[in-house]
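Chemist: Below, each chain spelled out in residue letters.
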Amino acid sequence: MKRWSLVLAVAIVFFGVVLAACGGSNNGGGTASSGSGSSATGSGSQSSSSSGSASNGSAEEKVVLTMGSWRTEDVEAYEKIIAAFNQHHPNIEVQFKPTKNTEYNTVLNTELSTGGGPDIIHLRPYAAGQVLADAGYLVPLTDLPGIEKFSETTLRAATGSDGVVYGVPTVFSSTQIFYNKKIFADLNLQVPATWDELIATAETLKQNGIIPFSFGSKEGWLLSLTHGMLGPAVYGGSDFVQNVVTGQTNFQSEAFVASIQSQLDLVPYFPDNYVGLGMDDMRNLFVTEQAGMFVMGDWEIAVMKGMNPDLDMDAFPVPWPDGTQTVTTWVDGSFAVNANSPNKEAALTFLEFMTTEEFGTLVVNELKKPSTIPGVVADDPLVAKLSQFADTISTPYMFVVYFNSGNPTSKSVLENSLQAMFLGEMTPAQVAEEVQKSVDTWFKP
Amino acid sequence: MGKDGESMNKQTSAKKWRFGWIHLFPLPAFAIYTLFIVYPILAAFTYSFYDWQGFKRGSWVGLDNFVDLFTREPFNRLFWNALGNNVYYFVLEMIVQNGLAFILAYIIYTNIKGAGFLKAAYFIPRLLSVIVVGFLFKLILNPNNGALNTLLKKVGLASWAKPWLGDPDTALTAIILVNSWFGMGFALLLFLAGLQSISREVIEAARIDGAVGFRLIRTVIVPMMMQSIIIVSVYTFIHAFEAFELIYAMEGSQGEPVNSTDTLAIFFYRTAFGGSSGADSTAVGLGSALAIVMFFIIATVSALFLYLTRNREVQQ
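The listed protein sequences derive, respectively, from chains S and R.
In terms of my numbering, the first sequence opens at residue 116 and continues consecutively.
In terms of my numbering, the second sequence opens at residue 1375 and continues consecutively.
Hints were generated in silico from the structure; no laboratory data involved.
Worth double-checking, as some hints may not be accurate.
[Unchecked claim] Chain R stretches covered by chain S per the calculated footprint, using a threshold of three residues with CB under 8 Å from any CB of chain S:
hint : stretch
1    : 1394–1408
2    : 1498–1508
3    : 1621–1634
[Claimed, not checked] Below, in silico cross-link-like pairs of lysine to any residue (SDA-like), each with a Cα-Cα straight-line distance of 20 Å or less:
hint : chain 1 : residue 1 : chain 2 : residue 2
4    : R       : Lys1512   : S       : Pro386
5    : R       : Lys1536   : S       : Pro386
6    : S       : Lys459    : S       : Glu267
7    : R       : Lys1389   : S       : Ile262
8    : R       : Lys1389   : S       : Trp119
9    : R       : Lys1390   : S       : His204
10   : S       : Lys459    : S       : His204
Where a beta carbon is used, it is the ideal one built from N, C-alpha and C, also for glycine.
Just need the whole structure built from these sequences, with the hints factored in.
Modeler: Listed below in structure tokens is the structure:
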């Protein structure tokens, strides 16, 4: 009896080692996750649907493409976009299959590393998407008709480290200050034109029992975002970013440290117990009209309007001390073609559609986000206003556009340090020092 | 003799035949076990010796990932921070969850009335999904309009109404207390089973000898239910060192605020797969090395503990 169990145990270990070795010998084959069988079955069904589709985009035969994304909120919008595409290309069927935002990267990476994955991939912007390009999972788009419409800065979001463009950027995320028009009207407040006026507005709101800025420091990503939105007014916007990127200045400069200090200076205008408030709480405070201003991105408009359709809100750009105005923007996603897709031609046709004005119009009206295609006007006045800001007075969110690399990323180092600062454990100078240390480990001007 | 000999051989060969068949039945379970548990463990072991570019495996680097884990900033600091948090998790869970479970189990044991109802009532939290529990308590612990702080303010203890999950001093403790509420039912059932396995005669004899109350518990009851105590302790230890779900549900994968809720498992998840925002960088090699280190810590301490306590079980 004892011998049998020993033999069985040895057999298990033997087969386990054989499986591990076999799985590892293919280039990146085998799942890298410990025991998440669900993602394995997920990749199985994805690759079988794309490999089971018909020929390589010949004009008469029907082709079925799968499109992966993290935007589960946009299913209806993409259905309309695909319907518009089908007006031009009725034989190419596109299935939009998003995955939950927090799991998208893991699922996508696992599928790609096993040779599967959707035909059309929604690419995370800048450094995050670059990893996929560098690993060879994407088809180069240098010759895609229409790709020349986008500016070089915009294309940076979908370029590999070899300088080749791999994705069609589709939307900007634009961040500005949303405000409650009714509260402002009741208190006779005007839209502030300078930083000092902004502080005065906050003061008035506070005196009247309204929370000036709906803000919380519990979730790290909101800290670098808020700094990205309000910081340019203090550190000098795009000029400063240019200087850092070319190495003429760094994050320990007075301008940058001052921008961090300015965050701390706003604490009197934050809600009570803001260290324990996260995104949901911040949104709730503004939507239930307890807060007057909400420094946030355009992606929240649809959510907020859904929660409180009667909310009378508008937005204004961030005002500098000298009266200049900026909104912080970055490309928030592009679409690429899977190098392993059996339907590359059809997929490229869809990508070409994404460079047209028709697509851009659908983006602003259905996805309610500024389009990367110049000259597109939205129906919704608020979205149109934000698109116009994005086209004219934008400054880059530098920690996503330029400094989201390193391990851990410099962006996450900034987030951790800012969180420590709000908890009183670090000074702004120390925050700048930490960020600089992180950037020094990988950045070359 | 011949006839008996023949039937004897038939019997033994029939036995051998059944014997062989019996060993075939667990094979499906073993296959699943091998594929989903043994293979990933061994795969992680293999992966930790390679360099990884995102999700693509690079070249063999031997023990470099392990060296990196223990020497490179910030991984070195984060590792010891996470380990410390796990130890704190274990200690507090032992005291609160298991201490409370033992007391309640003893009370139920000595007052049999309504025992069935009480057992069920204390066990019901355990049936909820951990994510649901995490989400509910996140709402309860909301600093401005959560149930806990509203209650404190109503009874005049407004100064105690803190941002529980936002303050690095209280965040981990809050999560551990929620976990204790959640897991207490299970420990209680195990303790109760251990208590009920003690023969009545021993208790009576001890009582006659004059051992009552605490003395009875200390000298008779605890030694006699040592097996349950050991099982619960090892289980709590393993669970505390793998603490992930509740923390992920209540604070996310960054171990916020300022790494105070960072445990080894959260640190591993963040390192190997990127954070919950999905845009952070991944380091599968480092993550695998960390997973292997975790495995060794848990396996070694558990084995050591079981070895040291092997003679402490008092046989009935």
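Chemist: A separate judgement is required for each hint: does it hold in the structure or not?
Modeler: Each hint tested on the structure:
Here the stretch 1394–1408 of chain R counts 4 residues with a CB under 8 Å from a CB of chain S, which clears the bar of 3, and the coverage holds. With 0 residues having a Cβ less than 8 Å from any Cβ of chain S, the stretch 1498–1508 of chain R misses the three-residue criterion, and the hint is violated. Coverage of a stretch by a chain is defined here by at least three residues with a beta carbon nearer than 8 Å to that chain's beta carbons; for the stretch 1621–1634 of chain R and chain S the count is 6, and the condition holds. With a C-alpha separation of about 18 Å, the suggested pair R/Lys1512 and S/Pro386 falls inside the 20 Å cut-off, and the hint holds.
Distance restraint check for R/Lys1536 and S/Pro386: the Cα-Cα separation of roughly 13 Å lies within the 20 Å cut-off, and the hinted pair is therefore satisfied. Of the pairs offered as hints, the one joining S/Lys459 and S/Glu267 is violated, with about 25 Å between alpha carbons and a cut-off of 20 Å exceeded. Distance restraint check for R/Lys1389 and S/Ile262: the Cα-Cα separation of roughly 76 Å exceeds the 20 Å cut-off, and the hinted pair is therefore not satisfied. A C-alpha spacing of about 15 Å is found between R/Lys1389 and S/Trp119, which places the hinted pair at or below 20 Å, so the restraint holds.
Proximity of R/Lys1390 to S/His204 is assessed by CA-CA distance (about 69 Å); at most 20 Å being required, the pair is judged violated. With a C-alpha separation of about 15 Å, the suggested pair S/Lys459 and S/His204 falls inside the 20 Å cut-off, and the hint holds.
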